[in-house]
Amino acid sequence: MTTTVSTPTTSAAEPHASDRATAENRLGLKLVAPAVVMMLLVTAYPMLQALYLSLFRYRLTTPGEKQFVGLGNYATALTDSLFWQDLFNTVVIMVVSVAVELVIGFAFAMVMHRIIVARGLMRTSILIPYGIITVVSAFAWQFAFSLNNGFVNGWFQWLPWISADTNWFGSHWPAMFAIIVSEIWKTTPFMALLLLAGLSQVSDDMLEAAQVDGATWWQRLYKVILPNMRAAIMVAVLFRALDAFRIFDNIFVMTKGAQGTESSSFLTYRQVIEQFQLGMGSALSVLLFLAVLLLAFLIVRLFRVDLAQARGEA
Amino acid sequence: MRGRTAVGIWTGFVLILVWCLLPVVWILSLSFKPVSETTVGSPQFLPKTWTTQNYSDIIANPDFTRALLNSFGIALISTALAVLFATFAAYAIARLEFRGKRLVLSLALAIAMFPVVSLVGPLFDMWRAVGLFNTWPGLIIPYMSFTLPLAIWTLSAFFREIPWEMEQAAQVDGATNWQAFRKVIVPLAAPGVFTAAILTFFFAWNEFVLAISLTSTTAARTVPAQLSYFVGPDPFNPPYSQLATASVVVTIPVVLIVLLFQRRIVAGLTAGAVKG
Numbered sequence: 003m004t005t006t007v008s009t010p011t012t013s014a015a016e017p018h019a020s021d022r023a024t025a026e027n028r029l030g031l032k033l034v035a036p037a038v039v040m041m042l043l044v045t046a047y048p049m050l051q052a053l054y055l056s057l058f059r060y061r062l063t064t065p066g067e068k069q070f071v072g073l074g075n076y077a078t079a080l081t082d083s084l085f086w087q088d089l090f091n092t093v094v095i096m097v098v099s100v101a102v103e104l105v106i107g108f109a110f111a112m113v114m115h116r117i118i119v120a121r122g123l124m125r126t127s128i129l130i131p132y133g134i135i136t137v138v139s140a141f142a143w144q145f146a147f148s149l150n151n152g153f154v155n156g157w158f159q160w161l162p163w164i165s166a167d168t169n170w171f172g173s174h175w176p177a178m179f180a181i182i183v184s185e186i187w188k189t190t191p192f193m194a195l196l197l198l199a200g201l202s203q204v205s206d207d208m209l210e211a212a213q214v215d216g217a218t219w220w221q222r223l224y225k226v227i228l229p230n231m232r233a234a235i236m237v238a239v240l241f242r243a244l245d246a247f248r249i250f251d252n253i254f255v256m257t258k259g260a261q262g263t264e265s266s267s268f269l270t271y272r273q274v275i276e277q278f279q280l281g282m283g284s285a286l287s288v289l290l291f292l293a294v295l296l297l298a299f300l301i302v303r304l305f306r307v308d309l310a311q312a313r314g315e316a
Numbered sequence: 015m016r017g018r019t020a021v022g023i024w025t026g027f028v029l030i031l032v033w034c035l036l037p038v039v040w041i042l043s044l045s046f047k048p049v050s051e052t053t054v055g056s057p058q059f060l061p062k063t064w065t066t067q068n069y070s071d072i073i074a075n076p077d078f079t080r081a082l083l084n085s086f087g088i089a090l091i092s093t094a095l096a097v098l099f100a101t102f103a104a105y106a107i108a109r110l111e112f113r114g115k116r117l118v119l120s121l122a123l124a125i126a127m128f129p130v131v132s133l134v135g136p137l138f139d140m141w142r143a144v145g146l147f148n149t150w151p152g153l154i155i156p157y158m159s160f161t162l163p164l165a166i167w168t169l170s171a172f173f174r175e176i177p178w179e180m181e182q183a184a185q186v187d188g189a190t191n192w193q194a195f196r197k198v199i200v201p202l203a204a205p206g207v208f209t210a211a212i213l214t215f216f217f218a219w220n221e222f223v224l225a226i227s228l229t230s231t232t233a234a235r236t237v238p239a240q241l242s243y244f245v246g247p248d249p250f251n252p253p254y255s256q257l258a259t260a261s262v263v264v265t266i267p268v269v270l271i272v273l274l275f276q277r278r279i280v281a282g283l284t285a286g287a288v289k290g
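Chains as they are written, first to last, in our numbering: chain A, 3 to 316; chain B, 15 to 290.
Isolated chain A, as found in the complex:
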């Protein structure tokens, strides 16, 4: 768009044009520099620091005893059943919440796409869970599931496995269920909005053509709508999966990791901040980082997403 304005057409203008290109290149780099420096300062440098610290047995309370242990911390972490238990919890939370959100979010997007009146009201309500701080939503759900003060037991007693004295935070799976509910509630709107944007890119002409050809609702959904929304779905899944993998706030508030509900992020936090085990904590940080990287790689590979290209930035 802009290049058409400044592209020289004659060869005589060439040296001038390359001067201009150099100047533009330099200005561009200057303008992005502050942001890039800022981002690297707080991520790349500390990450290298973590990589270094992870090779030591290093406890803040006894800094004199800092001792090089090589990959010892990694070996300890990877052979500890707690590490795998926490990783398993994290994956369960991620898979269940993203899957449920995808279905509910899609249903929401379909409704929002078709609704004509009260769009403002709809948009406002859908943004409220998105905007509310996670700690607050975690409290709201913790209180809702609470044995003494929550409404959940009272409202859902007609279900065979729920009674007036169901203690949701008393054992592993019910506690996990409560955590997952809070996660799903909070982030479904984000999913719905991304899917809505994708839905609005599906052309009505194609849908009408399919309808004229006698396609049923399901056929239209599977053969026209979903394939055309592929990019939007992929982006939504990628963002949400990586986000859910970092789950921390809800667990911190709702169970503090009790009943074996700890996530990988929580384990890392506990090692560093509560036990001052900087060496072990750093090793866990590196493992968490590698896990996120692997996850991102797998999702991108699986779906063959090129984000820059999807946006026409290439």
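What the hints contain is simulated information worked out from the structure, not anything from laboratory work. One should not assume that every hint holds.
[Claimed, not checked] Think about it this way: if two alpha-carbon atoms lie no more than 20 Å apart in a straight line, the pair counts; the simulated SDA-like pairs of lysine to any residue are:
#, chain 1, residue 1, chain 2, residue 2
1, A, Lys258, A, Leu84
2, A, Lys32, B, Phe112
3, A, Lys68, A, Ala79
4, A, Lys68, B, Met140
5, A, Lys32, B, Val263
6, A, Lys258, B, Ser230
7, A, Lys32, B, Val130
8, A, Lys32, B, Leu117
9, B, Lys62, B, Val49
10, A, Lys258, A, Lys68
11, A, Lys258, A, Phe171
12, A, Lys32, B, Phe244
13, B, Lys197, B, Phe208
14, A, Lys258, A, Phe85
15, A, Lys32, B, Pro253
16, B, Lys62, A, Gly156
17, B, Lys62, A, Ala79
18, A, Lys258, B, Tyr243
19, B, Lys62, B, Leu90
20, A, Lys225, A, Met208
21, A, Lys258, B, Phe244
22, B, Lys62, A, Phe171
23, A, Lys32, B, Arg109
24, A, Lys258, B, Leu98
25, A, Lys258, A, Ser202
26, A, Lys258, B, Gly22
[Said to hold, decoys possible] In silico contact screen, one side only, chain B against chain A (beta carbon under 10 Å); selected entries:
#, residue
27, Trp64
28, Gln67
29, Ala94
30, Gly114
31, Pro129
32, Ser227
33, Ser242
34, Arg277
[Said to hold, decoys possible] Restraint ranges, calculated between C-beta atoms of paired labels, are given here:
#, chain 1, residue 1, chain 2, residue 2, range
35, A, Lys68, B, Lys62, 25 to 31 Å
36, A, Phe90, B, Leu270, 39 to 45 Å
37, A, Gly216, B, Val32, 44 to 50 Å
38, A, Gln261, B, Ala124, 30 to 36 Å
39, A, Gly156, B, Thr53, 55 to 61 Å
40, B, Pro201, A, Leu84, 36 to 42 Å
Even for Gly, the Cβ is constructed at its ideal location relative to N, Cα and C.
Keeping the supplied structure of chain A fixed, place chain B upon it in accordance with the hints.
What follows is chain B alone, placed relative to chain A:
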């Protein structure tokens, strides 16, 4: 056929409203329950007797008001700085040809996916060494870095839609460089910048991991972190009414922003991610 679809949509509409607002109404209702009711256990949804005592209590709590001040200060400063830097970067990405453009976007994306907890250890160590632990800048610096990716992606998507040729057209019509920029580009870019600012503010207002890890007193502790310290002596019986009330108070700014700018927020959220 058409009637059935309409019924479906209206049912969906009501379901969405209930989904989004039920927990909000619930926490609001808890905040109006007298303390006596929640300590003996009151599983009913609405208060038996309504009271505003919790609100006067929470406003009188110096730890809470201090945390509220910290939250506002830290979130606003991080937002202002992040949006300023992101505007430079996004302008360059949308407008200029330079090497490494793709690299910057990829870096931003990688950082947006970064597990924040991974940095808690090293930052904790570094911040203590350089005296940033438990200070405002100690939170502002990481918040800026973590909100830059979102701001850069959102803004560059907005800036790509701006017809930059208009600036030149204005110059041809006799406007100076500065006039052309200020009268033509700034009004077109402002909504995008504003949207990026709202999303950035939401992030900083919401952030929790760094807020509890890099602070130790109310000197810099933000509201999300402070809320987790309200739990009191018995973790299995937290002060429900007080927590609910504090939750309502921190949610008010969010609700106000959403009410005023819902259209822009939706545009911003989707522009960064899926606009093709």
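The hints, checked one at a time:
| no. | hint | in the structure |
| --- | --- | --- |
| 1 | A:Lys258 - A:Leu84 | 15 Å, holds |
| 2 | A:Lys32 - B:Phe112 | 10 Å, holds |
| 3 | A:Lys68 - A:Ala79 | 18 Å, holds |
| 4 | A:Lys68 - B:Met140 | 16 Å, holds |
| 5 | A:Lys32 - B:Val263 | 42 Å, violated |
| 6 | A:Lys258 - B:Ser230 | 19 Å, holds |
| 7 | A:Lys32 - B:Val130 | 28 Å, violated |
| 8 | A:Lys32 - B:Leu117 | 15 Å, holds |
| 9 | B:Lys62 - B:Val49 | 12 Å, holds |
| 10 | A:Lys258 - A:Lys68 | 29 Å, violated |
| 11 | A:Lys258 - A:Phe171 | 11 Å, holds |
| 12 | A:Lys32 - B:Phe244 | 46 Å, violated |
| 13 | B:Lys197 - B:Phe208 | 17 Å, holds |
| 14 | A:Lys258 - A:Phe85 | 16 Å, holds |
| 15 | A:Lys32 - B:Pro253 | 52 Å, violated |
| 16 | B:Lys62 - A:Gly156 | 16 Å, holds |
| 17 | B:Lys62 - A:Ala79 | 51 Å, violated |
| 18 | A:Lys258 - B:Tyr243 | 12 Å, holds |
| 19 | B:Lys62 - B:Leu90 | 39 Å, violated |
| 20 | A:Lys225 - A:Met208 | 10 Å, holds |
| 21 | A:Lys258 - B:Phe244 | 14 Å, holds |
| 22 | B:Lys62 - A:Phe171 | 26 Å, violated |
| 23 | A:Lys32 - B:Arg109 | 13 Å, holds |
| 24 | A:Lys258 - B:Leu98 | 37 Å, violated |
| 25 | A:Lys258 - A:Ser202 | 41 Å, violated |
| 26 | A:Lys258 - B:Gly22 | 41 Å, violated |
| 27 | Trp64 | 16 Å, violated |
| 28 | Gln67 | 17 Å, violated |
| 29 | Ala94 | 13 Å, violated |
| 30 | Gly114 | 7 Å, holds |
| 31 | Pro129 | 5 Å, holds |
| 32 | Ser227 | 5 Å, holds |
| 33 | Ser242 | 6 Å, holds |
| 34 | Arg277 | 7 Å, holds |
| 35 | A:Lys68 - B:Lys62: 25 to 31 Å | 59 Å, violated |
| 36 | A:Phe90 - B:Leu270: 39 to 45 Å | 41 Å, holds |
| 37 | A:Gly216 - B:Val32: 44 to 50 Å | 36 Å, violated |
| 38 | A:Gln261 - B:Ala124: 30 to 36 Å | 34 Å, holds |
| 39 | A:Gly156 - B:Thr53: 55 to 61 Å | 18 Å, violated |
| 40 | B:Pro201 - A:Leu84: 36 to 42 Å | 56 Å, violated |
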